[in-house]
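J.: The primary structure of each chain is shown beneath.
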Amino acid sequence: MTAQPFLEIRNLTVELPTDSGPIKVLDDISLAIRRGTTMGVVGESGCGKSMTALAIMRLLPPGFKITSGQILLDGEDITDVPDARMRELRGNEISMIFQEPMTSLNPVFTVGEQIAEAVRQHQGLDTGKAEQRAIEMLKAVQIPGAEARLNSYPHEFSGGMRQRVMIAMALACQPRLIIADEPTTALDVTVQAQIFALMRELQQETGTAIMLITHDLGAVAEMADDVAVFYAGWRIESGPAAEILRRPSHPYTSGLMSCTPRLRLGASAAEGGAALREIAGMVPQLGKMPVGCRFAPRCTRADGYCRTNVPKDVIVGPQHTAMCWKAEEEALA
Amino acid sequence: MDIFRKMTPTLTRLLEAFLLVMAVVILNFLLIQLAPGDPVEVIVGEMGGASEELIAQLRASYGLDRPVLEQLFIYLGKVLTGDLGYSYYFNTPVLDLLLQRMPATILLVLSALVVAVVLGTFAGALSAKKPDGMGSHLVTLFSLVGYSAPVFWIGMMLLIVFASIWPIFPVSGMYSMRRPDGIGYYLDIAHHLVLPSVTLATIYIAYYSRLARTSMIEVLGQDYIRTARAKGLPENKVIWKHGLKNGLIPIVTMIGLQFGQLFAGAVLVETVFNWPGLGRLAYDSILRRDYPTLLGILLFSAVLVMIANALTDIAYRRIDPRMRRAKA
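Chains V and H supply the protein sequences, listed in that same order.
Residue numbering for the first sequence is 1 to 333, as defined by this note's numbering.
Residue numbering for the second sequence is 1 to 328, as defined by this note's numbering.
FYI, nobody ran anything at the bench for these hints, they're computed from the structure.
Note that the structure is predicted; figures quoted are calculated from it, not measured.
Treat the hints loosely; a few may be bogus.
Here are the computed lysine-lysine pairs in the DSS-like style, where the Cα-Cα straight-line distance is at most 25 Å [as the list claims (entries may be wrong)]:
# : chain 1 : residue 1 : chain 2 : residue 2
1 : V       : K65       : H       : K129
2 : V       : K326      : V       : K288
3 : V       : K288      : V       : K24
4 : H       : K237      : H       : K129
5 : V       : K129      : H       : K241
6 : H       : K78       : H       : K245
7 : V       : K129      : H       : K237
8 : H       : K130      : V       : K65
9 : H       : K241      : H       : K129
For reference, chain V alone in the conformation it holds in the complex (with noise of 0.2 Å):
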């Protein structure tokens, strides 16, 4: 529990200039994922969670920039290594799945190419050891019949098996961080289920690291081991994933929680006394943030100073962040 992490984001924020002045997309982010460990981003759709996989892997669209802070990759600020050095990482040490497997394969080469693309690239392998290797990533990920299925096109496979020819690219050159920006959102449950056990066994044999982005905290609690919550660009909650999921600090992600169904057989929501919430509101546009915290115009608990001063990160449990005055109040109390 103690490892160096692998990754750390310290204090990242990312800015879109705009006429009316920069908006800033992430605000003062920071989280540290350990070596061999899955860490789970959660939050609503655009508050930043894909945003900051991108910052890591430097692959913000046009327009966005990292304007401050650093993120250490084993010891070393990637912000603002050269492009060069910056391809060699991308693939190698760091890997991405996306969220659209229908999308996201070239339709135009075969599975087979573009996972030894990557490892041509990568490892100076020769043509046929890279197939070679292409091969037992597709066993790997079980599509059966890999070595037929090396020559297939991505429009013969389903979405499932499309995403874990994704995985497999991305486990092909033995990374040691993953980041699965909402992996399964557009796959059927069943198949999720297979995804995610593919994913911990794979990182079992290698080791890798994992930041898993979902807004799925059924995910979240079967596969990572710390998580981070995040709301409009900040970064509002953060530790261990059992710690966070039985005791939330932050309103927003006890509001999360509340949201989250869970199977019980039997028991209608009428009955059952805890029927499913929503968070009222939405999300604050981008460039027009309130001016306290950025989460009490939906809060329940917000008060006049919450509306008006912006919460720090503060410590309320071990290795267990929250920005949110009323958890700071009781971890005090």
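With chain V fixed as given, assemble chain H onto it according to the hints.
T.: The following block gives chain H in isolation, referenced to the frame of chain V:
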């Protein structure tokens, strides 16, 4: 049985192509009947006048005194046996005439096409890399000018600049008066080819650069391009491998569709540059009312366009694997 099933689409296509060619022949034949002017009058005019008797004799010898429908069926019957008739003007078989003129046109059209596709795609793809950059605006400007300038005007401007003011290229024709031997012969033809093919290519460079720009901008915004970057590929591979192979799909489709227009352009270019191909022959044949030759040229170009379309189809399938299983 399996072979039969595999062959069926090909046979269907061949049959379709055959019927289409026949339709083209019939339509052309009837269209020419509608055109004003009489071939016999042109021949007689060039002879410096003739008696009524001789005119009637000429009409009879060319079969022009028979009803139009009968003429059509005679022509169709001959075409099916590969006989395209005799040129009124040259008095040689049309087929020989066409085969003799065809290589010059194919050379011109293909070299213009290659220049247009390669330059156009390259310029378009480069400008798609930075859609707001200086180079991108230049490409857009050039394509606007190239697209709206008439072919014959471009030809004449190039002649004025590169054959008259600064005479580095020959004014017209395909060969020098004194034909060199060996490799010099081909270099001589290439030298003559530069201005006509650039003239014919200009509008298509403009067209393909616009098409490639749009297509590549769209492709470079796709998820799989981000995947390629996330894999750590150098930017060159991202654009020229992962981007271009997708970006080429609409371009290849367009090549097939535009082949006919390219032939039409060749008529103008060959006339301006006195290029000894089918296009110039077509132009001259219209003036001479040499209908058998004209019909032969139209038939030839219809067949060539169909061959080009078939080749495009094959190329299309090679590039886009999603099309391979689709209807043949």
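J.: Quick one: which hint numbers does this structure break? Sort them smallest to largest.
T.: 6
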